[in-house]
Amino acid sequence: MTRIRTTVDGVRYEDDVEPRLLLVHYLRDRLGRTGTPVGCDTSNCGACTVHLDGRAVKSCTVLAVQADGAEVTTIQGLATNGEWHPVQKAFHERHALQCGYCTPGMIMAAVDLLRDNPTPSEDEVREGLEGNLCRCTGYQNIVDAVLQASGQEVRS
Amino acid sequence: MSEIDPGVVALEAADQISEPDGERELGRRRLRKEDARLVTGQTNWTDNIQFPGMVHMAVLRSPMAHARISRVDVSPALQRPGVLAAYSGRDLAEEQGALPCAWPVTADMKHPNHPPLAVDEVRYVGDGVAVVVARDRYAAADALEAIEVDYEPLPAVVDMEEALKDEVLVHSDLGTNRCFTWPFAGGDYDAARAKADVVVTRRFLQQRLIPTAMEPRSVVVAPIAAAGEYTVYSATQIPHILRLMLAMVTGTPEQKIRVIAPDVGGGFGSKLDVYAEEVLALVVAKRLGQPVKWTESRSEGYQATIHGRDQIQDIEVAAKSDGTLLGLKVDLMADMGAYLQLVTPGVPLLGAFMFNSIYKMEGYSFTCHGVFTTKTPTDAYRGAGRPEATFAVERIMDELAAEIGMDPMELRRKNWIRHDEFPYTTIAGLTYDSGNYEAATAKAIDLFDYDGLRREQEKRRADNDPVQLGIGISTFTEMCGLAPSRVLGSLSYGAGGWEAAAIRMLPTGKVEVVTGTAPHGQGHVTSWSQIAADALGVPFEDVEVIHSDTRAAPQGMDTYGSRSLVVGGVAVHLACQKVLDKAKRVAAHLLEAAENDVEFAGGSFSVKGSPEAKLSIQEIALATFASHNFPDGMEPTLNSDYVMDPENFSFPHGTHLCAVEVDTETGFVKIRKYVAVDDVGKVINPVIVEGQVHGGLAQGIAQALYEEALYDADGNLTTGTLVDYYVPTAADLPRFTTDRTETPATSNPLGVKGVGEAGTIASTPAVVNAVVDAVRPRGVVDVPMPCSPEHVWRALQQGGAK
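Residue numbers (the working numbering), protein chains in the order written: chain A, 1 to 156; chain B, 1 to 802.
What the hints contain is simulated information worked out from the structure, not anything from laboratory work. This list has only true hints and no planted wrong ones.
Per label pair, the in silico range of CB-to-CB distance:
1) B:Val723 x A:Glu127: 16 to 26 Å
2) B:Pro466 x A:Asp123: 15 to 25 Å
3) B:Pro777 x A:Gly54: 49 to 59 Å
4) B:Gln797 x A:Asp123: 26 to 36 Å
5) B:Thr737 x A:Glu93: 13 to 23 Å
6) B:Asp120 x A:Asp123: 47 to 57 Å
7) A:Glu153 x B:Ser610: 49 to 59 Å
The beta carbon of each residue, even a glycine, is placed where N, CA and C say it ideally should be.
Build the full structure now, drawing on both the sequences and the hints.
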């Protein structure tokens with residue numbers, strides 16, 4: 001067992017964990033932060049994307065011990081004072097989700113994308129979200145939501 | 001060819017999309033009620049569920065496609081820390097029953113025994129052999145490797161034509177790998193063929209696909225052992241059917257089982273099933289008296305969750321030299337996999353009624369052979385039989401057009417059912433109630449710039465451009481809204497096709513809609529709220545929709561086959577009418593008027609001629625709650641229910657046009673433009689309809705260009721992870737142009753047709769037709785799916801060699 005100290009969505013935790021424990025399972029099974037789901041076992045789908053010290057990571061490919069001393073933000077910590085993040089709002093307004101399983105990871109990845117590139121082109125959004133799979137939407141409304149959240153005109 | 005004839009223009013005027021007026025909820029672009037929880041992570045996926053004392057189940061799976069099990073020893077696993085129990089198939093043989101198939105398509109169909117855990121023999125890689133139960137998921141996974149199994153290998157058979165030789169039997173006790181042969185005919189094909197000037201034959205391959213709903217399957221069973229009661233949470237599309245089947249399979253009294261499908265993250269048919277792990281979790285929870293959870297990993301699910309498609313299609317079309325269709329002959333082989341799941345054998349037969357599509361002909365002949373192989377079982381995947389049929393007919397229409405030198409759109413126009421011929425009984429015996437192929441096609445051609453793209457194609461051909469342009473057409477229809485119960489009965493299906501709805505009028509005037517549908521992304525909470533708000537004249541926000549819990553929504557036939565709106569949504573509408581009938585009687589009593597003199601509009605009842613005397617439906621609801629002053633002999637409730645059994649299928653249709661650029665040096669295909677004009681009848685919520693079309697297009701395009709589940713000769717799934725099985729990303733897919741025409745269905749009072757599968761059914765042939773069109777001048781007449789760079793390049797090499 002290894003002792004780790006993390007801050008998750010603003011709350012400080014100190015836990016003994018097995019070194020092999022994945023961050024996503026620490027979040028879900030130990031902390032009950034189940035807003036972040038697991039969609040695959042090969043880091044292809046991105047459903048489990050969270051922010052580790054402000055950068056998007058796939059929490060199925062990060063060990064909990066690697067989050068020692070770090071700040072983790074999940075979809076459950078993205079809103080501030082009850083106000084949804086602009087990307088959350090845009091996903092709702094553009095119908096960018098159907099079943100919603102990919103949505104937490106897609107939103108966290110999109111927030112990170114916009115941090116690096118505040119006014120991406122459509123192609124840049126598509127390339128930037130390549131690591132996140134959605135099976136319901138065909139991506140068009142997701143792309144439009146990200147463009148809208150960036151404050152740009154949306155074609156459709 | 002794209003000259004639009006004046007008749008069509010006139011039609012278009014009659015075919016305008018209806019805009020909702022200010023008061024109406026139907027047709028309004030409502031944002032979804034479902035989203036708030038989903039975008040904030042306040043979700044309730046089955047794998048989120050935790051109970052005190054909950055233990056985790058893991059399944060040991062066969063690494064061999066076919067083998068005798070000579071020994072299983074689970075005892076070493078019991079020595080591992082945190083392990084409570086481990087069982088082999090033999091240990092559970094008395095309790096586990098057999099997994100059900102609800103569709104015995106012929107009287108002599110071979111129906112192999114399908115134990116949830118294999119007892120004597122494994123028949124595909126991934127077949128369950130033993131389970132371990134431990135205190136957490138890691139301990140359970142660790143303990144699996146301690147179980148000892150001795151296998152005696154048997155030969156695998158992965159190819160359907162090999163399997164039909166019966167040299168290697170998947171089930172030796174059946175004596176054959178032929179599950180069934182199902183013949184069907186309309187008119188006289190041989191007579192039609194005898195009149196033909198031209199006959200075109202093709203073999204098309206429907207590759208195997210893996211549905212890949214983003215949420216892996218998961219099940220939790222919470223027992224109250226002393227009472228013999230079990231609550232089953234499952235990531236399923238079919239909580240109601242699952243409850244019945246779990247009772248039948250395990251002998252648990254039906255009333256003691258409650259099934260809840262909490263938030264479900266997509267299904268696409270893969271969660272329209274009764275799975276081994278659902279039965280095993282129940283059996284283990286019974287034995288241990290503790291809550292049990294099982295959640296598949298993605299790679300595990302790729303072996304243990306059903307696959308889709310996998311057909312060999314031999315198709316022959318007979319026509320006159322002027323393009324008039326005479327007949328169609330279809331001979332199918334459909335891969336069942338190693339066992340029959342819930343509706344496995346019925347899936348290809350849903351296509352039997354769709355190969356003739358929108359076309360008129362004199363003779364039709366269809367035969368389907370179901371075949372066992374040592375592979376993961378197949379079952380319904382988005383479209384289920386209809387994408388396969390639509391693909392084959394739309395592909396061969398292009399081949400026929402090429403053969404007789406006719407524009408492929410002109411060929412379709414010559415043969416489709418004209419708008420003034422509806423209702424039309426097809427050669428396959430279905431009666432299409434309505435449709436307007438001319439209008440949808442005219443709109444699609446307009447949006448697509450058909451002539452401009454054909455000119456560009458000519459230029460690229462003339463210039464011998466290494467990047468060639470292709471144009472693909474798909475004019476399609478589908479049968480959905482499954483289904484009239486009597487039709488299902490005539491096809492030997494094991495259940496009806498009705499759907500239930502109930503309306504509860506609360507004392508505050510708020511409304512609960514109870515539905516038997518089981519949404520998992522389709523937005524029923526929003527759409528059913530609109531239907532109820534529209535019918536009852538209450539605010540959209542005042543409606544709550546209750547679903548997917550057999551105790552709260554006790555009657556239902558669940559969600560699949562583009563049925564939910566056409567059957568379940570219409571049931572909501574009709575249940576609301578019954579509420580209004582009751583409320584009107586109460587209103588008449590309270591307003592001291594004759595019932596015939598009471599009118600309902602805008603959520604209020606008033607007396608004809610004296611509009612100032614009115615009562616809102618909310619006031620009626622409160623008066624009914626109190627029932628102090630109530631009509632004599634009337635039950636003091638407005639609550640009503642309705643079970644809707646549809647009179648017919650519904651028949652959405654549309655015209656999809658695709659332009660692709662094919663790099664003839666690399667084989668790479670890029671979609672340049674995609675136009676989808678769908679006619680799904682009246683629309684409740686255009687936002688949701690567009691979303692359904694987009695998602696359907698993505699899955700159909702995925703079959704055309706990207707996805708393929710592959711097995712090696714030994715029966716190993718070589719595309720067993722998301723690394724190897726390519727699900728397209730945002731970077732792979734184009735921006736779609738979608739639009740609609742609106743020809744209401746005449747078979748239900750809302751005029752709706754269903755939309756969930758349309759995009760998938762239409763898009764695959766549109767894309768492949770475009771790819772073939774691009775390279776046809778180079779001698780290519782087909783490219784096997786997926787049209788990957790390799791497949792296109794190889795087709796070019798072979799075509800060029802001719």
